[in-house]
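Residue-level listing of the chains:
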Amino acid sequence: MDRRKSIKAMFAGTVTSGFMFSGCLTDKEAELKSSDIAEGEIVAGGGYGRTPEELARDQRLVSETFFNEHEMATIAVLADLIIPADESSGSATDAGVPEFIEFIVKDMPWHQTPMRGGLMWLDHESNRRYDLEFIKASEDQQKAILDDIAYPDEVKPQFEHGAQFFSRIRNLVATGFFTSKMGIEDLGYQGNVPNVWDGVPRDVLEKHGLEYDEKILTQSIKPEERNDVMSWDDYEV
Amino acid sequence: MSFQIKKNASVYDICIVGSGAGGGMAAKVLSEAGYKIALMEAGPRFDPANPEQQTQLKWSYESPRRGAGTTRAFGDFDMAYGGWEIDGEPYTRKDDTKFDWFRSRMLGGRTNHWGRISLRFGPLDFKRKDFDGKGDNWPIGYDDVKPWYDKVDKLIGVFGTREGLANEPDGYFLPPPKPRLHEMYLKKYGEQMGLPVIPARLSILTKRIDTRRGACFYCNQCSRSCTIYGDFSSSSVLVKPALEYDNVDLFVNAMVREVLTDENGKATGVSFINKTDMEEYQVKAKVVILAASACGSARILLNSRSEKYPNGLGNSSGLIGRYLHDSTGADRAALIPSLMDRKRYNEDGVGGMHLYVPWWMKDASKHGFTRGYHIEFWGGMGMPSYGTGFGMENLNGLVAGKDGNMKKAGGYGASLKDDVRRFYGAVVGMSGRGESIPQKDNYCELDPEVVDQYGIPVLRFHYKWTDDERQQAKHMQDTFEELLTNMGGIMLGDKPGADEDHGLHNPGRIIHEVGTTRMGDDPKTSVVNRYNQLHDVKNVFVMDGGPFVSQADKNPTWTILALAWRASEYLNEEIKKMNV
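Chains as they are written, first to last, in this note's numbering: chain R, 1277 to 1513; chain Z, 845 to 1424.
Extracted from the complex, chain R is given alone in its bound form (with noise of 0.2 Å):
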């Protein structure tokens, strides 16, 4: 842990990560990282630090089943049409969010009647509509039911129950998406790495009108420090 690398990477100039300052780690943090685990192997904790009564629960739960196939045929259109693909990233089925929302639900009961009911809601409509269940309706049919649905601020009140099942079923969509490595990566978050955080880039600083002052730039930490061991001479209370 002693071993540091920090000054000699910082004024090598070579810091090519893009993070300025990952120099300032130790060789053992930089290796830190969630561990790798193969597809399928069994690990202790069930590979995110479960207790055994959280990885049995996980387990059980695993091998239930909630949605039918038609259900969940249903649910990966819907999915699409919330979230498709486009030039950044791929679509909600892409990203697995269809075998998320089955295992959601029966971590979650209480999603369970409101979903499958929905989801018969959607097919009554379109039936009415169109004497076709919704998955065999054309997308231009189904966009059409889905527009009476999705913005709950101007809903006629025969759509109110389609409504209150468009909003969960978005959120659970699109939280879904932007939780799986595709969508974090589409979203740009940057971070859950070892690092050293040394303030807001200033370019970003100058665009928000703002700007460190010297009593800040005094105080903070200096990221070449960080594994200086403080001493406490000089320093009064």
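Read the hints as simulated data drawn from the structure, not as lab findings. Hints may be right or wrong, so weigh each one.
To spell it out: a stretch of chain R is covered by chain Z in this simulated footprint if at least three of its residues, at any positions, have a beta carbon under 8 Å from a beta carbon of chain Z; those stretches are [stated by the list, open to error]:
no., region
1, 1325-1338
2, 1373-1380
3, 1405-1414
4, 1424-1438
5, 1465-1471
6, 1496-1507
Beta carbons are placed, not taken as given, at the ideal position from N, Cα and C, and that holds for glycine.
Place chain Z on chain R using the hints.
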């Protein structure tokens, strides 16, 4: 070392019940003094660096529920084994009480997940009755505790800045991290309102204090407990070193039932249930230190009933369980349009806010309350987890789209997907955490009918807020609204009114509950003396939040640590003088 117990266990010098802040400190100080110690913990062993238990640096998608709080109240990665409800360990409420009790069953207790906000009480905080005539003064003052705060700062590490504020004493501070972007906004607009916006004081090592623990590498995950011990938790920082001595025995999964006493009324040890075989055992000790949390220790004392102590041990005053009080809390958030469409960079920082607002008013009595509160901030481009992307219909109708036109709230498709990106990092919130007035009529007691799965009578809570707390919450809401609005914010959700107690959280929710074995010089009006020692039984101490006479608007951990260290040194002297 740790082992399974047999009934004929040897006699320890000291038995410590609980391994959180108070128990951990007592174990460290007294093990170094050479005493033979039994440390009792109701949960399992825990080390954040144990790969089976580690959650630090896990990604949301490594959890099938993406980190949601289904099984752990603060999310899958939060390091508290337990929560508001624990299977087989109920508690009850009476008279429409809404008190909630958070328990963590693991080595280190709740210090593994806490916010690391490490504030000293100030001179006024020990003498609030002198100021507003309410509640009671502590028997001790800031000068009595200051040397111990100093020692805690140096041993454990806390960052902050010396500000010279009257009731926010400075300490031995490590340098703070620079503010995040939203915190710079809060500083700019907060200072325009006359609020002091200063670096937070968190027990996180921005710089090393010894060669044992690593310096913070800024993952923002202190609530997951740090694998290199760059933050404070009792298990990592106090208990772990103590266990390296061979005079400390750790008993895990040991649910203490009661303190045992002899015919003279002196404590002789504790009895406990070993959760692994569900049998009852005893540990003999010459001194017992309770540090099982304010309510946990009160429960043990109330359950320690005998012919000599029919109302529980140390309870001649009848005050055990009374004066229970938690911090007040209220929150609000706003969308800050100028923080939309942000440039991306790693903004994790330390596990918590980099700036905060300490209580700033000299006298708030014209607003209908007298005790202060501080303001905590939240926001930024954090790791997306369950809930990210929720409620877009509450955001995307509030501001113009990229084309300059207002949109209908809600929607779907490519523009919705883009909205999630646009709003990422644009919501800023704040939380007030304030001082309540301790009330004799707010208490926990033994439920006359209910036992837990170990056969131990459980606690029943009775708690009502007063107008002081409600008016304080109203003031918080007004302050939040003013500051967020000044920042150009669009307030989210409706402002809670008087019918909702101005958003005041239920007591217990801030997890600062203290006061159940309060400290004083008069045995008729207090449970422990000024050294955390039971008035009635000299060889029993309480070293958690129970002895607090009042809790200030400061998070209690730093004061629990300072008082536990102080009381442990006192105990050491008393043993040497053969007074215990």
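Hint check results:
Judged by the Cβ-Cβ criterion of 8 Å, the region 1325-1338 of chain R is covered by chain Z as claimed, because 7 of its residues qualify and three suffice. Coverage of the region 1373-1380 of chain R by chain Z holds [criterion: at least 3 residues with CB-CB distance below 8 Å; count 3]. Under the rule that three or more residues need a Cβ within less than 8 Å of chain Z, the assignment of the region 1405-1414 of chain R is violated, with 0 such residues. With 5 residues having a Cβ less than 8 Å from any Cβ of chain Z, the region 1424-1438 of chain R passes the three-residue criterion, so the hint holds.
With a cut-off of 8 Å between beta carbons, the region 1465-1471 of chain R has 7 residues touching chain Z; three or more are needed, and the interface restraint holds. With a threshold of 8 Å between beta carbons, the proposed coverage of the region 1496-1507 of chain R by chain Z holds, since 9 of its residues qualify and at least three are required.
Of the hints listed earlier, the one the structure fails to meet is number 3.
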